[in-house]
Amino acid sequence: MLHPEEEWRAHLAQGRFMIQRSRSTGRHVFHPRVAEPGTGAQDLDWVEASGQGWVHAVTVVRKKDPAESYNVVLVDLAEGPRLMSRVVDIAADTVRIGMAVRARIDILGDQPTLVFVPA
Amino acid sequence: MTHKHGFPRGKTAIVGAATFGIGRCPGVAAVDMAAQASLIALADAGLTLADVDAVYTSAPYEALGGMELVEYLGLQPKVTDCNRTGGSAFEVYVQQAALALDAGLIDCALIAYGSNPASVPPKAVGMTRPSPWEAPYQPLAPISSYALAASRHMHLYGTTREHLAEVAVAARRWAQLNPEAAVRDPLSIDDVLGARMVSDPLSVRDCCLFNDGAAAIVMVRADRARHCRKAPIAVLGAAHAVTHREISGMPDLTVTGAARSGAQAYAQAKVRPRDIDLVMLYDAFTITPILFLEDLGFCPKGEGGRFVADGAIAPGGRLAVNTNGGGLSCVHPGMYGLFLLVEAVRQLRGEAGERQIPDAHLALAHGNGGVLSSQATVVLGTAATV
Numbered sequence: 009m010l011h012p013e014e015e016w017r018a019h020l021a022q023g024r025f026m027i028q029r030s031r032s033t034g035r036h037v038f039h040p041r042v043a044e045p046g047t048g049a050q051d052l053d054w055v056e057a058s059g060q061g062w063v064h065a066v067t068v069v070r071k072k073d074p075a076e077s078y079n080v081v082l083v084d085l086a087e088g089p090r091l092m093s094r095v096v097d098i099a100a101d102t103v104r105i106g107m108a109v110r111a112r113i114d115i116l117g118d119q120p121t122l123v124f125v126p127a
Numbered sequence: 036m037t038h039k040h041g042f043p044r045g046k047t048a049i050v051g052a053a054t055f056g057i058g059r060c061p062g063v064a065a066v067d068m069a070a071q072a073s074l075i076a077l078a079d080a081g082l083t084l085a086d087v088d089a090v091y092t093s094a095p096y097e098a099l100g101g102m103e104l105v106e107y108l109g110l111q112p113k114v115t116d117c118n119r120t121g122g123s124a125f126e127v128y129v130q131q132a133a134l135a136l137d138a139g140l141i142d143c144a145l146i147a148y149g150s151n152p153a154s155v156p157p158k159a160v161g162m163t164r165p166s167p168w169e170a171p172y173q174p175l176a177p178i179s180s181y182a183l184a185a186s187r188h189m190h191l192y193g194t195t196r197e198h199l200a201e202v203a204v205a206a207r208r209w210a211q212l213n214p215e216a217a218v219r220d221p222l223s224i225d226d227v228l229g230a231r232m233v234s235d236p237l238s239v240r241d242c243c244l245f246n247d248g249a250a251a252i253v254m255v256r257a258d259r260a261r262h263c264r265k266a267p268i269a270v271l272g273a274a275h276a277v278t279h280r281e282i283s284g285m286p287d288l289t290v291t292g293a294a295r296s297g298a299q300a301y302a303q304a305k306v307r308p309r310d311i312d313l314v315m316l317y318d319a320f321t322i323t324p325i326l327f328l329e330d331l332g333f334c335p336k337g338e339g340g341r342f343v344a345d346g347a348i349a350p351g352g353r354l355a356v357n358t359n360g361g362g363l364s365c366v367h368p369g370m371y372g373l374f375l376l377v378e379a380v381r382q383l384r385g386e387a388g389e390r391q392i393p394d395a396h397l398a399l400a401h402g403n404g405g406v407l408s409s410q411a412t413v414v415l416g417t418a419a420t421v
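In order, the protein sequences belong to chains P and G.
If you're matching positions, the first sequence starts at 9 in our numbering and goes up one per residue.
If you're matching positions, the second sequence starts at 36 in our numbering and goes up one per residue.
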């Protein structure tokens, strides 16, 4: 069977942002699962995401030192699924809903992590 | 199906209700508080532990919590439930207890909760596993999730931070009329707007309290309820909807499961939103009552911010909302849902003192759990509404 989280992280560690797609329904799935939500379709393939998306919602987590404040966003992927991430390479509080963004894999902590930059 | 819309309208009633230890309750365990509230609620009903044959409880930080209270009180219940729908658990218990009572499976349900995180800070490791899909981005749990929903509402509908502040100020003004409320000092719109930002657009004054408190209610069938100590409060409807777990999985950030649970509860109760005299809405953050006022039909989608403006839900406003002061100013010990029900009972009985609303016959209590994930609506009424 699929090992959803493990396989996703393995792809990410190799520099690839992969999502799932059902052969029968054609719909994309994220976060990774053993079946498509709603239909239960288990014919899921790993496909490379385009990396294109748009900011759907945004918050800025405020720290005592403003330099340490950071944003947390929900991004709508061009393929359809929505996920949580951050928009980096831009002042934390200048991210706006509707902003076009592009995926990038950064090291956050010591883990390869999916983030977004302004497109 | 035995009952229309799947619910035994008016066949069961809340006959006992109590709170205990609101604010600070040091030197005891959470289960001590839940037990104390249970005994007060039973005395309120004119019943004793010997009458109880079902226990519904959500203990903080204890995966097997339902059994802890059973042992503590020396009960031998036929039904013991400890569900995991967060703050909405208690509205779900009312639904489940009503069904079990009506079926004759049980005769007397005790719904109880106690928690004192202000006096006994919880361990760093909570009851929930961090989401592998969200935790790397370090959202503050749970506030950032609610902040994301608020950002979306502001973007789509022009809701403002002033609108959010109206919710906090209205709660505080009700709290000032409730001697039990934990925080009663004055609060202005400017105070909220100027408060320290935590997770935009929410400031620390847009967030509920995290203090101590316990509560309990007792439910029996309507025939027995007539012989209890106080006027029974009928359970007219109770419905539940879950839409997601994490905020990134919420189908629509501006429409909660309350749209479904509310519609079903109204149909069960055979009432409409405009019939409701008292609206008790889970106010974990100031955005939540705005969303629930819309989803429960008190105003159109998107109008919640404008609906609460100009003190509309404060004392003397157009709709009585959260008359105990809410989670924002009265009590929020982690899971607040039971306190909504107790306040509704007190108002419908006419026991609410200085904050009593006139001619209260129908009340709605709406619980929220997770990050807008679980929504449960209960409609309660006086004997005249059955």
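Keep in mind that the hints were calculated from the coordinates and are not lab data.
Only a predicted model underlies this, so the values are computations on that prediction, with no experimental measurement involved.
Treat the hints loosely; a few may be bogus.
As the list claims (entries may be wrong) - What follows is a list of derived Cβ distance ranges for each label pair:
no., chain 1, residue 1, chain 2, residue 2, range
1, P, Ile115, G, His38, 35 to 45 Å
2, G, Tyr107, P, Asp53, 50 to 60 Å
3, P, Asp53, G, Lys113, 47 to 57 Å
4, G, Gly352, P, Ala18, 50 to 60 Å
Beta carbons are placed, not taken as given, at the ideal position from N, Cα and C, and that holds for glycine.
Each hint tested on the structure:
no.: 1; hint: P:Ile115 with G:His38: 35 to 45 Å; in the structure: violated, 58 Å
no.: 2; hint: G:Tyr107 with P:Asp53: 50 to 60 Å; in the structure: holds, 53 Å
no.: 3; hint: P:Asp53 with G:Lys113: 47 to 57 Å; in the structure: holds, 50 Å
no.: 4; hint: G:Gly352 with P:Ala18: 50 to 60 Å; in the structure: holds, 56 Å
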